[in-house]
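Trainee: Here is what each chain is made of, one letter per residue.
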Amino acid sequence: MISIEVLAQVVLGGILIGGLYALVAFGLSLIYGVVRILNFSHGTLLAVGGVLASTLYATWGVSLSLMTLLLTPIFFAYGYLFFKYLLEPLSKKNHFESTVGTVLVTVGALLIMSDLTAKFAGPAQKNINIQFDTFEISGVIVSTTQIIILLGIIFLTLALHYLLKLTWFGRAVKAVTQDPLGAKLCGINSGKIKATTFAFGSATVFLASILYALSFPVDPYIGFGLTVKAFTIIILGGIGNLPGALLAGIFIGVAEGLTGLFWKPEWAPALSVILLLIILIIFPQGFQKSK
Amino acid sequence: MKSYTKLVSTIVVFFLGMGFSLNTFAKIGSCNDPILLGTTISETGPFSTLADRWRKMTEVFAEEMNKSGGVFVKSCNKKVPIKFVIYDDQSVPATAVSLYEKMATVDNVDFFVGPDWSSMGGPVPPLADKHQIPMVMANVASPNLYDRGLKYIWGTPFPVVPRWSERYFEMLGSVDPKPKTIYFITHDNPVMKGITGYWSKKAEDQGIKVIGTETFAPDTKDFTAMLAKVRAAKPDILYISSFDAPSVALLQQIRKMKIKAMDVHHAMLSGTVYKQVGDDIQGMTGELPWYPGVKGDYSEFVENVLAKSGVNMFDYIFSLGRIASYLTMTQAIERAGAIDRELVKNALYKGSFKSPAGNITFDERGFPNNGAFTVQMQQGGKVVVVWPKEAATGKLIWPSPSWQ
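Sequences listed follow chains A and B, in order. Position 41 of the first sequence, counted from 1, bears residue number 41 in the numbering used here, the numbering being contiguous throughout. Position 364 of the second sequence, counted from 1, bears residue number 364 in the numbering used here, the numbering being contiguous throughout.
FYI, nobody ran anything at the bench for these hints, they're computed from the structure. Some hints here could point you the wrong way.
Under 8 Å between C-beta atoms, here's a sample of chain A residues computed to sit facing chain B [claimed, not checked]:
#1 SER3
#2 VAL6
#3 VAL10
#4 GLY13
#5 ILE17
#6 PRO123
#7 GLN125
#8 ASN129
#9 THR134
#10 ILE141
#11 PRO217
#12 GLY225
#13 GLY257
#14 GLY260
#15 LEU261
#16 PRO269
So these bits of chain A aren't anywhere near chain B, every CB distance computed over 10 Å [unchecked claim]:
#17 ARG36
#18 TRP60
#19 PRO89
#20 GLU97
#21 GLY108
#22 ILE154
#23 LEU156
Subject to a maximum C-alpha distance of 25 Å in a straight line, what follows is the list of computed PhoX-like cross-link-like pairs (lysine-lysine) [claimed, not checked]:
#24 LYS354/B to LYS78/B
#25 LYS258/B to LYS234/B
#26 LYS234/B to LYS256/B
#27 LYS295/B to LYS354/B
#28 LYS275/B to LYS395/B
#29 LYS102/B to LYS83/B
#30 LYS67/B to LYS79/B
#31 LYS92/A to LYS174/A
#32 LYS119/A to LYS56/B
#33 LYS93/A to LYS192/A
#34 LYS256/B to LYS382/B
#35 LYS264/A to LYS260/B
#36 LYS119/A to LYS308/B
#37 LYS395/B to LYS260/B
#38 LYS84/A to LYS174/A
#39 LYS84/A to LYS192/A
#40 LYS258/B to LYS180/B
These figures come from a predicted structure and were not determined experimentally. For every residue, glycine included, the Cβ atom is placed at its ideal position computed from N, Cα and C.
Model the full structure from these sequences, guided by the hints.
Mentor: Structure (structure tokens):
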């Protein structure tokens, strides 16, 4: 018989990891929405960011705020240049060449980034091992790390949501997403918006990587699994719909936890794919309202 | 001239296409060439944390062995040096299979030593039988992998599954207060599942009730559900049967979830875990096959090899299994008296070979009888041998205060 404390503990853990999945999905969702490219190396960028942040913290004691300030622009620049020099030229090719080309470039980037990270930082798992206090509320263990991560997830979700809703950049992103030709006629440089969105997605995933490494170990090879989860989330939550992605992420996180609790934990990683198949059959539009 | 150039080009292309190497024409069993030992090491991929320094260790082993001339071969009436052919199997069984095929057909190695890990111990050994090349595998500890009727297979894992936690359970029988319950958490891997299966039965036989078993996938990061159940069950002993790297997140979350027990035991407590988890593993117990300082056959030789290759036994706990495969093969060649695959096979069959941790004795399947010591991680990352008493380097702290 499972007690209510155990159930609450599992749900809390599920919300936390689901929120982290959603953060990974945000960047991918934006990129796919605007650029229409499935970036297979997106999760690997989280792995690289997490390994980098963990190494900086463990080796030189670099504070989280300093590494955020220093590395977010670098990831932004990486995303911008990656799109500008490797992906944008492919958009001038025919549909078949462009599709195959983007898959090859992003999968190639995934493999190269993983192996280079393993070469320079080692293949072993790392995390930002800060020992925060834990406390107990009615038999449920809550750590300060979890609270920090949850606050971080809420802050990033709101910040991204309002950035896209209230700023010119956000409106331009929406315009390019909904009607690229119309946006062009209104004077929006869609090439620049696409590159900036790609860069923005890359910077977002770096912020997610810090929060991820605070709670779970990362290694150079975890990226692809996270990308698959992120794909599931954006399909369930709706492309470009950040609150929907957050909801879908939490749904998957909690469902994985409950699978471990009521069934077998080794099935939890496969759950997102199974859920995706089932829900797409029942709700082909995902959690988004049908138009 | 034109036809001459064409002929030369054709020959070059032919040899390149055949994967031409100098070893292509190496003569098997020659007294004038070094004895070629073919092996793969998991230098990259998930198992590399356990083995990434073994190429150097293997090269140093050959250097040290060859300092005195190599292995004495009676039919050559002299010592013959050894030479390793080493490839990285990338921790991938399919890659290992193709590399052993290459070593048998292109490199023409005399004998195989390795591979490691039960996941490779499944698909690789049939190749040894196919090519009739004796293979002394290293860290392949699952007994069922030796039950397939293969005739050219032996293994030197330290410890083997049926003796993995023998001394730990011996110790549990003598401690006060005695543990009454145990909970197993198992990494989804053949050897780890084998350990849990074998030792959960032994625990019951010893009067320790198994109150739960959980299995986790290697890429699991969130253990909340599993640990919430463990916490509610309040076991006296929490037994973690896992390779070191996949258990890092588990160990960190055990502390965060404030799990309490008399002892938390890790079947693969190693320096790799300590480096990644730090003081969170304080007070935990584990197994160690051997450590420098314990005297035995070849102990000085092995200590020397480890020191020169920068391998620390606690960081790389399976190093003895690896070195033992080399020691066993070289002794078998010497015993056979010839660089002859059939004679070496006969020498290995039900043979007993020397190692620093005692004699390795094979049964008719090629499975050995190797055991391990029980260790406890104590203050400041110091590893102390606590059982058996006659080999102890420190006193067992029981129940472990860090888990109270």
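Trainee: Hints first: check each against the structure and report whether it holds.
Mentor: For each hint, the structure was consulted:
This hint holds: SER3/A has a C-beta 6 Å from the nearest C-beta of chain B, less than the 8 Å allowed. Using the Cβ-Cβ criterion of 8 Å, the hint placing VAL6/A at the interface with chain B is satisfied: the shortest such distance is roughly 4 Å. About 5 Å separates the beta-carbon of VAL10/A from the nearest beta-carbon of chain B, less than 8 Å, and the hint is met. For GLY13/A, the suggested interface contact is upheld, since its CB lies about 3 Å from the closest CB of chain B, less than 8 Å.
The interface hint given for ILE17/A is met, as the beta carbon of that residue sits about 5 Å from the closest beta carbon of chain B, less than 8 Å. Here the hint on PRO123/A is kept, as its CB sits about 5 Å from the closest CB of chain B, short of 8 Å. Given the 8 Å rule on beta carbons, the hint for GLN125/A holds: about 5 Å separates it from the nearest Cβ of chain B. Hint status for ASN129/A relative to chain B: holds, with the closest Cβ pair at about 6 Å, below 8 Å.
At about 6 Å, the closest approach between the beta carbon of THR134/A and any beta carbon in chain B falls short of 8 Å, and the interface hint on this residue holds. Nearest Cβ of chain B to the Cβ of ILE141/A: about 5 Å, under the 8 Å cut. The hint holds. Checking PRO217/A against chain B: minimum C-beta separation of about 5 Å stays under 8 Å; hint holds. Interface restraint check for GLY225/A: the shortest CB-CB distance to chain B comes to about 6 Å, inside 8 Å, so the restraint holds.
With its C-beta approaching chain B no nearer than about 5 Å, GLY257/A sits inside the 8 Å limit, and its interface hint holds. With its C-beta approaching chain B no nearer than about 3 Å, GLY260/A sits inside the 8 Å limit, and its interface hint holds. Satisfaction of the interface hint for LEU261/A is found here, the shortest Cβ-Cβ separation to chain B being roughly 4 Å, below the 8 Å cut-off. Evaluation of the PRO269/A hint against chain B yields a held restraint, the C-beta minimum of about 5 Å falling below 8 Å.
With a closest Cβ-Cβ approach of about 30 Å to chain B, ARG36/A is found to remain outside the 10 Å limit, as its non-interface label requires. Listed as outside the interface, TRP60/A is consistent with that label: its C-beta sits roughly 17 Å from the nearest C-beta of chain B, beyond the 10 Å cut-off. Here PRO89/A stays apart from chain B, with its beta-carbon at least about 32 Å from theirs, past the 10 Å limit. Annotated as non-interface, GLU97/A keeps its C-beta farther than 10 Å from every C-beta of chain B; the closest such distance is 31 Å.
The Cβ of GLY108/A lies farther than 10 Å from every Cβ of chain B, with a closest approach of about 18 Å, so its non-interface assignment holds. A cut-off of 10 Å between C-beta atoms confirms that ILE154/A is not in contact with chain B; the least separation is 19 Å. Every beta carbon of chain B lies more than 10 Å from that of LEU156/A, the smallest distance being close to 20 Å; the non-interface claim holds. The hinted pair formed by LYS354/B and LYS78/B meets the criterion: a straight-line CA distance of about 22 Å does not exceed 25 Å.
Among the hinted pairs, LYS258/B with LYS234/B is consistent with the structure: their alpha-carbon atoms are about 11 Å apart, no more than 25 Å. At roughly 16 Å between alpha-carbon atoms, LYS234/B and LYS256/B fall within 25 Å of each other, so this suggested pair holds. The straight-line distance between the Cα atoms of LYS295/B and LYS354/B is roughly 12 Å, inside the 25 Å bound, and the hint therefore holds. Distance restraint check for LYS275/B and LYS395/B: the Cα-Cα separation of roughly 24 Å lies within the 25 Å cut-off, and the hinted pair is therefore satisfied.
With a CA separation close to 17 Å, the supplied pair LYS102/B and LYS83/B stays within the 25 Å bound. Distance restraint check for LYS67/B and LYS79/B: the Cα-Cα separation of roughly 11 Å lies within the 25 Å cut-off, and the hinted pair is therefore satisfied. Distance restraint check for LYS92/A and LYS174/A: the Cα-Cα separation of roughly 22 Å lies within the 25 Å cut-off, and the hinted pair is therefore satisfied. The straight-line distance between the Cα atoms of LYS119/A and LYS56/B is roughly 17 Å, inside the 25 Å bound, and the hint therefore holds.
Restraint check for LYS93/A and LYS192/A: the C-alpha separation of about 19 Å stays at or below 25 Å, so the hint holds. Under the criterion of a C-alpha separation no larger than 25 Å, the hint pairing LYS256/B with LYS382/B is consistent with the structure, at around 22 Å. A threshold of 25 Å between alpha carbons decides the hint, and for LYS264/A with LYS260/B the separation of about 23 Å falls inside it, so the pair holds. Restraint check for LYS119/A and LYS308/B: the C-alpha separation of about 23 Å stays at or below 25 Å, so the hint holds.
For the given pair, LYS395/B sits about 21 Å from LYS260/B by alpha-carbon distance, which is consistent with the 25 Å threshold. Taking the CA atoms of LYS84/A and LYS174/A, the gap is near 20 Å; set against the 25 Å cutoff, the hint holds. Of the pairs offered as hints, the one joining LYS84/A and LYS192/A holds, with about 9 Å between alpha carbons and a cut-off of 25 Å not exceeded. Distance check on the hinted pair: LYS258/B and LYS180/B sit about 20 Å apart at the alpha-carbon level, within 25 Å; holds.
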